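A.B. asks: Below are the chains, spelled out letter by letter.
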Amino acid sequence: MQRGCTVIPAKITDFHWLDDSNWGAKTSYLHVKANWQLVVDNLLDLTHLAFVHETTIGNAALAERATVKVTRSPNNVVVTRWIIDQQPPPTFKKVGGFKGNVDRWQIIDFAPPAFLRLDVGACPTGTGAPEGHRGDGINMRNLNAITPETEKTSHYFWGQAHDFDVKNVETTEKIFHEIEKAFHEDVEVFSAQQRNLDLIPDPPQLDINADAGVTQARRILASMHEKEQSTLHPAAAQ
Amino acid sequence: MAEGDQWIRIVSLSQLREDEAFPAKIGDTPIALYKLNGQVYAIDDICTHEYAQLSQGFVEGATIECPLHQATFDIATGKCLSAPATIDLNRYAVRVDGNDVFVNAVPLKE
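Those protein sequence lines, which keep their order, are chains A and B.
1 is the number of the first residue of the first sequence in our numbering; add one for each residue after it.
1 is the number of the first residue of the second sequence in our numbering; add one for each residue after it.
None of these hints come from the bench; they were simulated from the model.
Owing to the predicted nature of the structure, the values given are computational and were not obtained by experimental measurement.
Here a beta-carbon is modelled for each residue, glycine too, at the ideal position from N, C-alpha and C.
Take the hints with a grain of salt, since some may be wrong.
[To be verified] The calculated EDC-like cross-link candidates involving lysine to aspartate or glutamate, where the alpha carbons are at most 20 Å apart (straight line), are:
| id | chain 1 | residue 1 | chain 2 | residue 2 |
| --- | --- | --- | --- | --- |
| 1 | B | K25 | A | E149 |
| 2 | B | K25 | B | D88 |
| 3 | A | K69 | B | D88 |
| 4 | A | K69 | B | D19 |
| 5 | A | K69 | B | E60 |
| 6 | A | K94 | B | E50 |
| 7 | A | K26 | A | E180 |
| 8 | A | K11 | A | D109 |
| 9 | A | K69 | A | E54 |
[Said to hold, decoys possible] Chain B regions said to be covered by chain A (calculated; three or more residues, Cβ under 8 Å):
| id | stretch |
| --- | --- |
| 10 | 43-52 |
| 11 | 94-107 |
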C-alpha cells in the first residue's frame, strides 16, 4: 500500500551552509559498521577530540579546559563548549594561520532523530569571540545526518563548510581532508565500540559530566519512540 | 569558633545571573551558587547519587536537575526531591556585602 507523505518545510533541519555562496563547502559519505546511535553520541561529546584526533582537530585543552553548557527544549539539545586562551590544534594552525593562543568554540546543535550541526571555530585570544565578535578568526560548520541501515550498520552523511577564502577550492579541499582524516578515525572507534557491545550486550554504563548532552538527546529519542509506538500500537500502550 | 570567622568571599554579585549556577570551591569542596529572584543560595555541587557536577545541570524554577540522571534538588534548602538520588545536599549560609558574595565554609545544620 502506498502511503501519502506530508512535508512541512519548517520542520526540515537547515543545512543551508552547504550551498550558500557565502560559504565554501564539501560533502561526503561514510559507511559505518556500528549502530547509528554511537555516531550521534560521539558528536554530542566532543571531549573525544582530545583523545582520538590529536593530529588534526584535537588537543588536551578540549578535555581539560572547556567550559560546557547544555541547554535543552522538547525537540533540541545544544551543547556549548568554550576553550579560552589555549593553543589551537594542528588543523586550526594549518587553515587559520594562528600564531598564538586562541579562544575556541564548539556549539553542537542536535535535532532528532539524528541531525547534528556543529558551529565551530576560533579567534585569537582577546579579540572578543566569546562576546560575539568572530571576524578575526575562522568559522566553520560541520554538518551531519545519520541514517540506520541495520541494527549494526549506518549511513553517515556529512559536510564541512567554512566562511573564509570561500571561493578557493584548495582551501575547501584542505579543510575537508583534515576533517575526513578525523572522521576515518571515528569510524574505526565506532566499529570497535560495536564489537565490544556485541561481546557484552547492555553493559553497565558509567556516565560522566561530558555525557550530559548525550543523556538529554537519548531522553528525547526515547520519548519520541514511546510516542510513535503508542500511535502505531494504541492497544499495547494502554 | 564563631561562625563569622569562616566567611569566604566567592564572587561579585554582578557576576551571578538569575536562574544560572555559578560553580566555586570552598577548599576542596565543590559548591554552586544560584541567584533566584534576587536571593543568593549556596549548596554542594556534586550530586549525591553519582559523581556529576550539578552546576552543569538544569535550573527549573527553584530546583536544580542533575545533568546525567535527572535527580532534582531544592536550591534553597538542598533537599533531594527525586530519584535516583536519595540524600540531601549540604547548604551554606550566604552573606552579600555590597557587591561581594560571601559563603560560610561550615555547612548549615538542619
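A.B. asks: Which hints from the list above does the structure break, by number from lowest to highest?
C.D. replies: Numbers 1, 3, 6, 9, 11, in rising order.
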